[in-house]
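Model the full assembly from the supplied sequences, consistent with the hints where possible.
Protein chains in written order, with my numbering: chain A, 13 to 419; chain B, -3 to 279.
The hints are simulated quantities; they were obtained by calculation from the structure and are not laboratory data.
Hints are not guaranteed to be accurate.
[As the list claims (entries may be wrong)] The calculated PhoX-like cross-link candidates involving lysine-lysine, where the alpha carbons are at most 25 Å apart (straight line), are:
(1) B:K128 - A:K242
(2) B:K184 - B:K84
(3) A:K216 - A:K273
(4) A:K173 - A:K49
(5) A:K273 - A:K211
(6) A:K273 - B:K128
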Amino acid sequence: MTNRMGAWRRREILAGLAATAGMLAAPAIVRAAPSGKPVKIGGTLSLTGFLAQTAVIHKIASEIMVEEINVRNGFLGRPVEFVLLDDQSKPDVARSLYEKLITVDKVDLIQGPYATAPILAAMGVAQRYGKVIIQNSMGIPKMQTYERAFPATPFGSEPDKTYPNVILDAMASLPTPPKSMVVLTSKFPSAQFMALGMKEQAEKRGVKVLMYLEYESGNRDFGAIAARIKEANPDFLWVGSLGLESNQVLESLRKLDYAPKNHFHLYPAPGPLALSPDGNNALCSTFLEPAEPFMSRPGVARIAGEFKEKATKANLPYTTIDAQAAGMVSQWQMLEAAVNGSGSLDDEKIAAWLKKNRVTTIYGSLRFDGPFNHGDASQLIKQVQDKEWRVVWPKEFAAPGVALKGA
Amino acid sequence: MPSATLLGQALISGVLAGGMYGLLALGLSLSWGLLRLVNLSHFALAFLAAYLTYELGTNYHVAPWWSAMLIVPAMFAMGLAQHWIFDKFKVNELASLLITFSFAIILEVAIQLYWTADYRRYETHYSTMSFKVGPFYIPVLELILCLVAGVLAWGTWLWLRKTYVGKALRAAAEDADIAAAYGVDHKKLAYLLSGMGAAYAGIAGTFIALIATLAPAQIWTWLGVVFAVVIIGRLGNPLGALFAGMLIGASESIAMAVLSPAWAPVVSFSLLIVILLWDPEWL
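In structure tokens form, the structure reads like this:
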């Protein structure tokens, strides 16, 4: 990748960085208010159905970003209007709605939905109409084969290899590194994909995988699974969970008077796990948390404040911005940078600009010129400490005085 | 090979989880079996009760047993109101599926509007309590749930078999016209039964609030398995619903302990097919 970065390329990257950083940092007052016919951006979120807990976070992040963009210069001087529809957490509904957004509502641009299945459904429609689609939550990057699809989250192109190694590096840094582990995962495709990667990488690094267990997504009772974990008594429990499943596993373990020594959770509901009596020392991946050094990035403190305010108003029990909300923020930052950078609403030009330029997002500087339009992976590990998520790994991202805690 | 402790613990866990299946199936089985109404909104009513228990407990510090004293009669009233609609529009078995599905959707949206789609957890100090019997752990709340489900199932079974009202309800379910000829006012009894079904949903909801974390979409979590329980337990048979719930819960749990946990749903629905094909006399 690096040998492609000639002088011309460096200039473009610098121009992109300067443009996006400038937009984020400069006060709104110096910019003209956008005017004219609104630029319509269409998208769906799972406002109802089993993904609704996360979608509400993405909706708030979108509202903040549309307001921010309009306070700046909109898109090319025109105000931005977000046409948001509810895909009910169903890929088939997402597919129909994107078709409607493009052909009936005649939106100028689209934004990707949340979660792998709705994204794949929307991507098919985007491809048919040549639309750029930016998404922040497709857990299996190799499935993003459409050339105008871009990730807003720094998963990297092979998270099934990179993710487990970051986790195993963190575990290896403990005074007593785990020698055995249990991999427990939902059969939800993106979780299962990561679990298989975890098992493979752990075995490669000499950590004994005592059990690899899969359960159906939506499993109601974890009692028997908890009994199996307790009997195996691993040094490290890796849970490929979604939403509340982590809480259910930990509660079931507590009912058996057992607490896992070290435990990692893939896609948990961050609030409930942090606040759970069983959540202490739980580990999870992240790309950003509302603490230093992340809050020093341009605009992050302001966006975090706005998020808290809106989430409180929306009656959400957990009002702290996290990697989920940041994903949607990054998505809008990318679209804004690409529209203004390419000076066009034309999808072909926007896609071409994104492939050539870096974008400064809430996650830092992202590039899109790698396999499946992915750039570098920049996974961090966070841990529940005193009912709050704190970044603990790599060490340079941990706030002063915060360190990884092990069994 | 799994150890005896693991198998025993899985069995306990499964039977207790089956108590929830049985409790949820109770109201559904009665309305389907005796009123010929398939009430899909039963699950939404249970979740509405769960959210009300959460609300009263979290914001007003009302203990769940006191909340139940308010919620269960309110649910009974909702059951009556619902039946008034069935009665007014002469809803039949097939139409009831569609109408009650609509009720469930409306309730789900209403719950989401008020409590948002985010997860809600009613934290109590006793929610994960358990006690030890030999090498086995018995979760206290699940055990209480099972006992309550057992008392309700036995009580309802006795009521249907030993009282005039119960016998009249069964007679009307067999042949409403002949029952009416013997002076059975099927319409009034149907209101009573509808109210009871909704009240049972209210009781189940109180336990859901204590055991589970709430989200509006979880209304549908138990749908498939509870339908299987109702069918295996025979329509309108409260004891059958309870035993079928425990049978499915135990078989799912043993499958999780012995095979892969992912096999659990396959086991429960295979059991349903086997029992339907076998059609044993004793069931």
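Need the list of violated hint numbers for this structure, in ascending order. 4
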